[in-house]
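Residue numbers (this note's numbering), protein chains in the order written: chain A, 297 to 409; chain B, 39 to 153.
Just so you know, these hints were derived from the structure itself, not from any lab.
Treat the numbers as computed from the prediction; the structure is a model and nothing was measured.
There could be a bad hint or two in this list.
To be verified - Derived EDC-like pairs (lysine to aspartate or glutamate); straight-line CA-CA distance at most 16 Å:
| hint | chain 1 | residue 1 | chain 2 | residue 2 |
| --- | --- | --- | --- | --- |
| 1 | A | K396 | B | D135 |
| 2 | B | K82 | B | D123 |
| 3 | A | K364 | A | E384 |
| 4 | B | K55 | B | D97 |
| 5 | B | K82 | B | E95 |
| 6 | A | K396 | B | E95 |
| 7 | B | K82 | B | D97 |
| 8 | B | K76 | A | E384 |
| 9 | A | K396 | B | D115 |
| 10 | A | K396 | B | D89 |
| 11 | B | K76 | B | D123 |
| 12 | B | K55 | B | D123 |
| 13 | A | K345 | A | E362 |
| 14 | A | K396 | B | D91 |
Unchecked claim - Restraint-style ranges between C-beta atoms, simulated for each label pair:
| hint | chain 1 | residue 1 | chain 2 | residue 2 | range |
| --- | --- | --- | --- | --- | --- |
| 15 | B | S78 | A | L342 | 15 to 25 Å |
| 16 | A | A297 | B | F92 | 14 to 24 Å |
| 17 | B | Y48 | A | A349 | 31 to 41 Å |
Here a beta-carbon is modelled for each residue, glycine too, at the ideal position from N, C-alpha and C.
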Amino acid sequence: AQSVTQLGSHVSVSEGALVLLRCNYSSSVPPYLFWYVQYPNQGLQLLLKYTSAATLVKGINGFEAEFKKSETSFHLTKPSAHMSDAAEYFCAVRTQGAQKLVFGQGTRLTINP
Amino acid sequence: DAMVIQNPRYQVTQFGKPVTLSCSQTLNHNVMYWYQQKSSQAPKLLFHYYDKDFNNEADTPDNFQSRRPNTSFCFLDIRSPGLGDAAMYLCATSRVDAGGRGTQYFGPGTRLLVL
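Produce the entire structure from the sequences given, and follow the hints as far as they go.
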């Protein structure tokens, strides 16, 4: 069965600092991986996705993620945090042929001025 | 703009009083999903429709039902809401191809309060 682990339920960084949100997956077949962002009282917005093409994926709002098969990781990064990045971030995995997503528990990102 | 729409954004109901949440999409996606999300938790899939085929999750309570009268609309019915059903309900859609590939796009959610 597929699973996703997000290391750190809360991450706090200073404005302008590097953002690193960690995601490790477990899948017996090549996965499709996603990062979603959720602002308070909103739905989930797709940030980026990995679908077996380039291992470095660029998304919206300056975020990117790198798929590392050897480490079973798909960490999300942004070089310089902005106050507007404060939100909940979810990593999710979907295997080929499956219509369902398996979500990690989420990481709440706080930006300090 | 093509999008997923949920109405209402906030719904208040009484304990035991049936309530219906609605979702519509202009994306012409073939799969529609309903998730329940409680505070500080990940979304939990309740069920999904692949075209007209209904797929229930094994742990979804019988209290939760769904209808999809056409491609564009999908409804979540809670027959007898309990206090524990207070949550954010998220609708998502996806265009799934023959290989099972597709990306889910979410609506803004409906926050349900049960009094």
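Hints versus structure:
With a CA separation close to 13 Å, the supplied pair K396 (chain A) and D135 (chain B) stays within the 16 Å bound. Distance hint between K82 (chain B) and D123 (chain B) is fulfilled; the C-alpha atoms sit about 12 Å from each other, no more than 16 Å. Restraint check for K364 (chain A) and E384 (chain A): the C-alpha separation of about 23 Å exceeds 16 Å, so the hint is violated. Restraint check for K55 (chain B) and D97 (chain B): the C-alpha separation of about 22 Å exceeds 16 Å, so the hint is violated.
Of the supplied pair hints, the one linking K82 (chain B) and E95 (chain B) holds, its CA atoms being roughly 10 Å apart against a limit of 16 Å. Of the pairs offered as hints, the one joining K396 (chain A) and E95 (chain B) holds, with about 10 Å between alpha carbons and a cut-off of 16 Å not exceeded. Proximity of K82 (chain B) to D97 (chain B) is assessed by CA-CA distance (about 10 Å); at most 16 Å being required, the pair is judged to hold. Distance check on the hinted pair: K76 (chain B) and E384 (chain A) sit about 13 Å apart at the alpha-carbon level, within 16 Å; holds.
Using a Cα cut-off of 16 Å, the hinted pair K396 (chain A) and D115 (chain B) is violated, with the two alpha carbons roughly 21 Å apart. Annotation: proposed proximity of K396 (chain A) to D89 (chain B) holds, straight-line Cα distance about 15 Å (limit 16 Å). Restraint check for K76 (chain B) and D123 (chain B): the C-alpha separation of about 9 Å stays at or below 16 Å, so the hint holds. A C-alpha spacing of about 12 Å is found between K55 (chain B) and D123 (chain B), which places the hinted pair at or below 16 Å, so the restraint holds.
Taking the CA atoms of K345 (chain A) and E362 (chain A), the gap is near 10 Å; set against the 16 Å cutoff, the hint holds. The hinted pair formed by K396 (chain A) and D91 (chain B) meets the criterion: a straight-line CA distance of about 14 Å does not exceed 16 Å. Hint check: S78 (chain B) to L342 (chain A), Cβ distance near 21 Å, so the stated range 15 to 25 Å holds. Between A297 (chain A) and F92 (chain B) the C-beta distance comes to about 22 Å, which sits within the given range of 14 to 24 Å.
Here the CB-CB span from Y48 (chain B) to A349 (chain A) is close to 40 Å, well matched to the stated 31 to 41 Å.
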